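Taking the working numbering, I'd label the letters of the sequence shown as residues 80 to 144.
For the record, the hints were derived by calculation from the structure and aren't laboratory data.
Wrong hints could be hidden among the right ones.
Once the Cα atoms are required to be at most 30 Å apart in a straight line, the calculated BS3-like pairs of lysine-lysine come out as [stated by the list, open to error]:
hint	residue 1	residue 2
1	LYS91	LYS121
2	LYS126	LYS91
3	LYS101	LYS91
Computed from a predicted structure; not experimentally measured.
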Amino acid sequence: MRIEIDEHLCAKVQTLTTLDLKEPEYAYFVEFLAEVGFSTVKAALRKYPDLTFGDLVMLRYREFH
């Protein structure tokens, strides 16, 4: 999987740590966060089998829009 790591994403990742991250570390942290996200979604879908991935997306979307 390839995720574009722009300045905005770097700034968001940097807020999660006190380390002064450099270019290679951002890729590691972004991949880690993606894996945590996948695991979280899978756990939610297991816990609530009537929910779909689309339901989760819309819950999140409605929360911020």
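Against the structure shown, which of the earlier numbered hints fail to hold, in ascending order? none
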